[in-house]
Amino acid sequence: MLEIRNLNVKYGKIQVIWDFSIDIKSGEAVGLFGPNGAGKTTLINAIIGLVKPESGKIIFENKSLVGLETHKIIRAGIAVVPQERELFPFMTVEENLRLGSAYIPVAKNRVEENLEFVFTIFPILKERRKQKAGTLSGGQQRMLAIGRGLMANPKFLILDEPSLGLQPSLVIELFQKLKEIKKTGMSIFLTEQNVKQGLKIIDRGYVIENGRIVMDDSSINLAKSEYIQKSYLGV
Amino acid sequence: MVILKTINLVKRFGGLAAVNGVDLDINENEILGIIGPNGAGKTTLVNLISGLIYPTQGEIVFDGINIESKPAYIRTKLGIARTFQLVRPIQGFTAFENIVVGALFGAKENLKQARDSASEICDILELKRRDFPIDKLTVLDLKKVEIGRALASKPKILFLDEVMAGLNSDETWQMIHLVKSLKKRGLTIVVIEHVMGVIKELTDRVIVLESGKIISQGLYENVCKDPKVISAYLGEED
Amino acid sequence: MKKTIFPIITILAIVLLIFLPYFIGAYLLHVLMTIFIYMTLALSWDMMLRTGQLSFGVAGFFGVGAYASIITCSRFGFNPLVSILFAGFFVALIALGLGFAVLKLRDIYFSITTLAITMVFSVIIRNIPKLTGGASGKVIPNVIFNGDSAKTYWLILSLALITILISEMFNRTKIHFAINSIRNDEIIARSSGINIFGYLLFVFIISSALQGIAGAIYTQQYGFVSPETTFSLDFLLLPMAMALVGGIYSTWGSVIGALVLGFASEYLKLIMPYGHLIIYGIMIVLIILFLPKGIYGTTKDKIITHKIEKKSLSE
Amino acid sequence: MEKTNKSLKKTLIAFIIFLIVVGIWKPLALVYGIQRGGLYSLIGLPLALILGIVGILNLAHGDFLTLGLYIGYIFFNSWSIDPLISMAPLFFILFGLGMVIYSILIRRVLKAGHLNQLLLTFGISMIIIELIKIIWTTRPRSVYTSYASSSVTLGNMSIGMYEFIYPAMAIAVLVILQLFLKKTRLGQAASAVGQNPKGAEIVGINTNVVYLVVFSIAFGIIGVAASVMLPRTPVFPLSGNPYTLKSFALVAMAGLGNLNGILIGGITLGVAEAIVQSIPGYEGWSDVVFFGILIAVILLNAYRRPES
Amino acid sequence: KPIKIGAVNPLGDITGDQATKAMKLAVKEINDAGGVLGRPIELIVIDDEMNPAKGAAAIERLATVENVDFFVGGMGSGVHLAQVPILKKYQKITVWIGAASHQAEIAMGPDADWYFHLHPWDYQQGEGYGVGWTEIVHAYPNVKIEKVFLAYEEGAFGTDSYTSYIDLYEAAKRGEGSWKEILKEFKGASFKSASLGGGDYRAMLNQAKAFNPDLFIWAGYDADAIPIVAQAKEVNFQPPLFVGAPPGWPADFGKNPLSENVILYGMWAPTLNEVSPVAKHFYDAYVEMWKEEPATYFAPLGYTNIYFLVEGIKKAGSLDKNAIIEALRTIEYESPLGEVLKIEPSRIIKNQGFKYQKILQWQKGRQEVIWPLELATTQLVYPFKFGK
Ligand SMILES: Nc1ncnc2c1ncn2[C@@H]1O[C@H](COP(=O)(O)OP(=O)(O)OP(=O)(O)O)[C@@H](O)[C@H]1O
Ligand SMILES: Nc1ncnc2c1ncn2[C@@H]1O[C@H](COP(=O)(O)OP(=O)(O)OP(=O)(O)O)[C@@H](O)[C@H]1O
Ligand SMILES: [Mg+2]
Ligand SMILES: [Mg+2]
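Protein chains in written order, with this note's numbering: chain A, 1 to 235; chain B, 1 to 238; chain C, 1 to 315; chain D, 1 to 308; chain E, 1 to 388.
Hint data in this document are derived by calculation from the structure and do not stem from the laboratory.
These figures come from a predicted structure and were not determined experimentally.
Certain hints may be false.
[Unchecked claim] Calculated Cβ distances over 12 Å to all of chain A for the following chain B residues:
no.: 1; residue: 23
no.: 2; residue: 28
no.: 3; residue: 30
no.: 4; residue: 59
no.: 5; residue: 67
no.: 6; residue: 79
no.: 7; residue: 94
no.: 8; residue: 108
no.: 9; residue: 110
no.: 10; residue: 111
no.: 11; residue: 115
no.: 12; residue: 154
no.: 13; residue: 181
no.: 14; residue: 185
no.: 15; residue: 204
[Unchecked claim] Computed spacing ranges between beta-carbons, pair by pair:
no.: 16; chain 1: B; residue 1: 180; chain 2: A; residue 2: 215; range: 28 to 34 Å
no.: 17; chain 1: C; residue 1: 124; chain 2: E; residue 2: 292; range: 40 to 46 Å
no.: 18; chain 1: C; residue 1: 197; chain 2: A; residue 2: 215; range: 52 to 58 Å
no.: 19; chain 1: A; residue 1: 109; chain 2: D; residue 2: 82; range: 42 to 48 Å
no.: 20; chain 1: D; residue 1: 279; chain 2: C; residue 2: 161; range: 47 to 53 Å
no.: 21; chain 1: B; residue 1: 230; chain 2: A; residue 2: 3; range: 39 to 45 Å
no.: 22; chain 1: C; residue 1: 272; chain 2: D; residue 2: 302; range: 43 to 49 Å
no.: 23; chain 1: C; residue 1: 310; chain 2: A; residue 2: 216; range: 29 to 35 Å
no.: 24; chain 1: A; residue 1: 215; chain 2: B; residue 2: 219; range: 34 to 40 Å
no.: 25; chain 1: A; residue 1: 216; chain 2: B; residue 2: 230; range: 35 to 41 Å
no.: 26; chain 1: A; residue 1: 184; chain 2: D; residue 2: 107; range: 35 to 41 Å
no.: 27; chain 1: D; residue 1: 78; chain 2: A; residue 2: 109; range: 48 to 54 Å
All C-beta atoms, glycine included, are put in the ideal place defined by N, C-alpha and C.
Bound conformation, chain A alone (with noise of 0.2 Å):
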């Protein structure tokens, strides 16, 4: 589904990402873990055209991205959850919500089914329709973003960093949900430092670390690792 050849990413003469190569195949979910500063968020702000690429293909249902604006590549079905959020802050939660559907194809005309989906993960939304999702919690606010990033029922969902700041039970409910969803047939690109329940949804996970891929492997394989263990399984 996606794939991504000889990859390399520069910020002005400094490389972030070098020579990288992954293959994701449709209804997999694949993992990326590393540590801070790794290339993580460049990589994903690569394929979504945030940030040009020097050289490489990243190639989705066999048409090149590169060059592509990140809006055609996000109505190509492609959803990402950002690190940063991206919310508008002075707009409602459910206004937010619904701009997730209105601009996708495939989604804006499920705009109150995808709305019951959202709400039914995190009731707390529901709650704050109306709030301005400039006055949320952090933890609401990566509710939010995630919750609209789920609104553009895409083919493929990435997810920076999902868990940051979600209470516990949230953190455990929603790799569950997420566990559905790939069962309908969404392929679902995961970063996560929270490496152990991440582990429980993905496939297949990539290590990097400098803009490096230092290990590739199954997720039963990887969270058997020694060095799996030791730098991502500690807390």
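Given the coordinates of chain A, work out where chains B, C, D and E with the ligands should sit on it, guided by the hints.
This is chains B, C, D and E with the ligands only, laid out in the frame that chain A set:
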């Protein structure tokens, strides 16, 4: 000895009571953990104490004086420092200069002193890219800058609002050691985290907020077995 | 090496500027005087901008300073130099009073309010003819130093140098850290212990006083005031353009901007009597499109990025 | 939410009472005030749209109005087309001009922030004014239509009818704009883009098109304003220039993003001005009242606004 | 070696632009005729951009870089005020055609014998109209002028007219001054000019209507001309004499039906061609050289500016300053404005040129001269009425 105390603290936003009658005692040189569901009012509580917003009702006593109506910058000078849940370094400054700001105004140092204490703090934090502008830093660096600026104001009490969120376990350990070393230097520290491992590892005592009220408090081991806390906050793993 | 060269260059430049009247003619001197007046306005506007407050009150304080100087001179017999100082003091006082009301405002609300205040100043002055001469303005019989170019030049040069000095002080002391923090994030500034209102008021008073003094000197140079010319929005728009063309948030940006635009407008006019303002406008548009941070700002940025990249690559 | 509704209602009621009182006290001032205020609002609306909704600062606003006036003048002078008829082509010509200006200039300073937009549009303003001077000189031109000075007589008052077109057009434009912003996908996208362009791209909005369309619509409205003004307005290089400041004043008074406030604010200022002008001997103070009310409203709003 | 004359004009404004063109025409004519004192004339023009500091710097440049012998030029009073200190510094012979504000006279002071000011001062103009209207009342027995209403723009230009009218009114009440025979009641109101963002005159017009004047004058700018008549029609205000006193008129005022029989104050009109050969010569030569019509009286004034100076030089026979001053004071120059220009002292300065403006009337799209009666090109149409 109680260093900071809130009495029946209330903050309403329109109809919503984000903090709803909180009586809090923070003891000198302890590490207090505050946990609770998203939207429970933790950040609001810190905002009230640090003076970014003013309470609808109630008192805040710090070091024996009532501070609830004092402006934020005075409270910082008195010795209350905090970090922000969403890191907010000052753009246009380098990491180092961000920390200098804290020393200059929070600790009322002159430029030279402030530079000295800032580099000392950078050393303590093991902050490497200190001459880099903010937009070229990683999340860990930014969190360190955030703590560094708070520390530079030479506080008596330090509020850490989710500073560990988004760190991997190596980095989290680093931070835990750091916070512990701060305690050794005599600081009182309040940590807010959703990562239970951190709370367990760090805190002397935990308070659980829900809907603006304290629903449980005590040692971590006890609190996390409290059914109220489990149902409202921790959830049960399958 | 760099540390020792810089002060030497500065001192040489200042000495050169002081002795300039002995080398260049009255015309160039006059052009320079105008440029220095605008430079002062640009820099003082930039000082306020560094706190994040975009002031549109430059022409207003300039005008009030001009009137204060002319009126004290002609009605109360002040010595022109004393009247100039008085104007600065008077404008500072007004800024202090206004500051309490308007410095709570932000963004365009602050900008528009300061502009509205400028308008209010000019309308009030127009409507109290007994004191101000009303719409028709007021002239004084003798201009400062009896029109001696060199002395007037030295006076204006001192103002410009003092402004540069203040600006550099703002950039090299605690104040730099305070106002930059305020501009970037007030919440952080407050919780880092910065008295935001205090600093805003301080900078507002200083920059307004400089604008008032500039107005006073300018008006003493020509010996008249009138609401239309003295409160002209040129005294707001041109300094702003100069600061932005040179590069904001820095001393040398405004200095370079004032020199570039000041000389350009004079030169263009001579080679192209008709339509030179179009070229001037196009020049401004091109600079902002291709050097978005201004001449000085963009150059400095390039150097800094270069340094950092070198450092990261070597890491 | 409820709170803003309530305060809107309060403002509206106070506004209507104000108008009624003025109507009884000085009926002519009310008429003149509503007409003038309608014009301020009509010209202020496009600025409010591009500054308040998508956050572009345009210092050449009034000068594009001037350009519109000249184009209307050409239609009248060269082809004898009545300004109210040339309104349609004018809308499209300015719409097109907006597209061009946006695509080749404004687009490049979108991310650079307000200050760069300020300087860019200052440069544009200068170029427009000087170009006009070269082409048409500084001599005013005008368009004569018999209806523009027609009036009806009520008692001993002779009331001009034409200028009621200003508030009428302002209301029409406001209603259409509100419908556009609330009901159309593009309109909703405009608010999203104004608040967070990156967020907007992420939900699939083509921000570039939104900017382009909103900017061009605003220009189209400037064209409409120019046509309805033309029968009553002299056309010279600085015709529209003073309206830049007045429009910014209105936007600041109404609050960014508040289009309804532009109408209420515009008419309040117009009426207040007209009252002062109708008091013999105090005509010269009308500007103080205009800016005084403006300052008072901005300060009041600032102090009423709760902490963030 | 040419004799250098330095001119400072606002080239971006129609007044400055046409004055400059007329100056160039005069220079060309003089040089074609062999120059003066056997030397050609060189005219160096600098734009003042209507900016005081720029206008002042231009004088410095002309004096020190271009080394001119004389200064000419004109227009805005604000710019001129800034030039006064510089002019005083160099004390070269200066012949000025703009700056009507008495403030300029105050700034120049009584001692500047090298300074010649051709345009009537603001206070002289009001005085002149008194002379004019009195003569008109005598010549046209049906014309009555007792109540005068002055509408003035609130800037320096309008306010200065108003204050001078107040002085004239006070004098008339004492039985003095040029208005003493006719003026019985006077009232004024200000308005904001369309050129400065105003343009709503109706409050002022209603005041005027309530006063019911015989003579209504407005002192504003060219941009006000059409809207004032249109709005007067709207509020149904039809004074028997409807006078506009702007420094220039809009491009198509004559084509506008509302212009019919509006009276104007001015120094010149193309109709003067019918009564003055100099005017006709100027007009034809200007059109020939520039392929456009002179549209403001600053064009013939600019022409006059050069000729007057050159006549002075000719008469002096040398470039000696005192000789030229003496010559300029005594020559009589037959100007294209229809009048003979000669120097007399005004309130403060010694060398003032023209004293009065003319009274003209728009008739069928043309500005016809009504007064001075000896230059009249047609009869006054009275009373004023809006066409249907
Ligand atoms: N706009 C930018 N300009 C320059 N450098 C950048 C920029 N954005 C990120 N970087 C640098 O690129 C590297 C990778 O950053 P990125 O945000 O992709 O990491 P990440 O793996 O997502 O880390 P995190 O866990 O902190 O989110 C870091 O060193 C960062 O400093
Ligand atoms: N300005 C405001 N207006 C309205 N409601 C607000 C405002 N600020 C906060 N709230 C609400 O107050 C509640 C408390 O928010 P707070 O940020 O304190 O939560 P928190 O405990 O820090 O949550 P989290 O763990 O998600 O950070 C939330 O429900 C939030 O939506
Ligand atoms: Mg990241
Ligand atoms: Mg929080």
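Taking the hints in turn, this is what the structure says about them:
1. 23: Consistent with the label, residue 23 (chain B) stays out of reach of chain A, its closest Cβ about 22 Å off (over 12 Å).
2. 28: The claim holds: residue 28 (chain B) sits with its nearest Cβ about 27 Å from chain A, beyond 12 Å.
3. 30: About 21 Å separates residue 30 (chain B) from the closest Cβ of chain A, which puts it past 12 Å; holds.
4. 59: holds, 24 Å
5. 67: holds, 24 Å
6. 79: holds, 25 Å
7. 94: holds, 16 Å
8. 108: With a cut-off of 12 Å, residue 108 (chain B) remains clear of chain A, as the shortest Cβ separation is near 31 Å.
9. 110: Since the minimum Cβ distance to chain A is about 34 Å, residue 110 (chain B) lies beyond 12 Å and the statement holds.
10. 111: holds, 31 Å
11. 115: holds, 26 Å
12. 154: holds, 27 Å
13. 181: Answer for residue 181 (chain B): holds, closest chain A Cβ roughly 17 Å.
14. 185: Non-interface label stands for residue 185 (chain B): nearest chain A Cβ at 23 Å, farther than 12 Å.
15. 204: At about 18 Å from chain A, residue 204 (chain B) clears the 12 Å cut-off, so the statement holds.
16. B:180 - A:215: 28 to 34 Å: Given a distance of about 31 Å, which is inside 28 to 34 Å, the answer is holds.
17. C:124 - E:292: 40 to 46 Å: holds, 43 Å
18. C:197 - A:215: 52 to 58 Å: Cβ of residue 197 (chain C) to Cβ of residue 215 (chain A): about 54 Å, so the range 52 to 58 Å holds.
19. A:109 - D:82: 42 to 48 Å: holds, 46 Å
20. D:279 - C:161: 47 to 53 Å: 50 Å Cβ-Cβ, so the 47 to 53 Å window holds.
21. B:230 - A:3: 39 to 45 Å: holds, 44 Å
22. C:272 - D:302: 43 to 49 Å: Check passed, 47 Å falls within 43 to 49 Å.
23. C:310 - A:216: 29 to 35 Å: This hint holds: roughly 33 Å between Cβ atoms.
24. A:215 - B:219: 34 to 40 Å: Holds, since residue 215 (chain A) and residue 219 (chain B) (Cβ atoms, about 38 Å apart) stay within the stated range.
25. A:216 - B:230: 35 to 41 Å: About 37 Å separates the Cβ atoms of residue 216 (chain A) and residue 230 (chain B), which means 35 to 41 Å holds.
26. A:184 - D:107: 35 to 41 Å: holds, 40 Å
27. D:78 - A:109: 48 to 54 Å: holds, 51 Å
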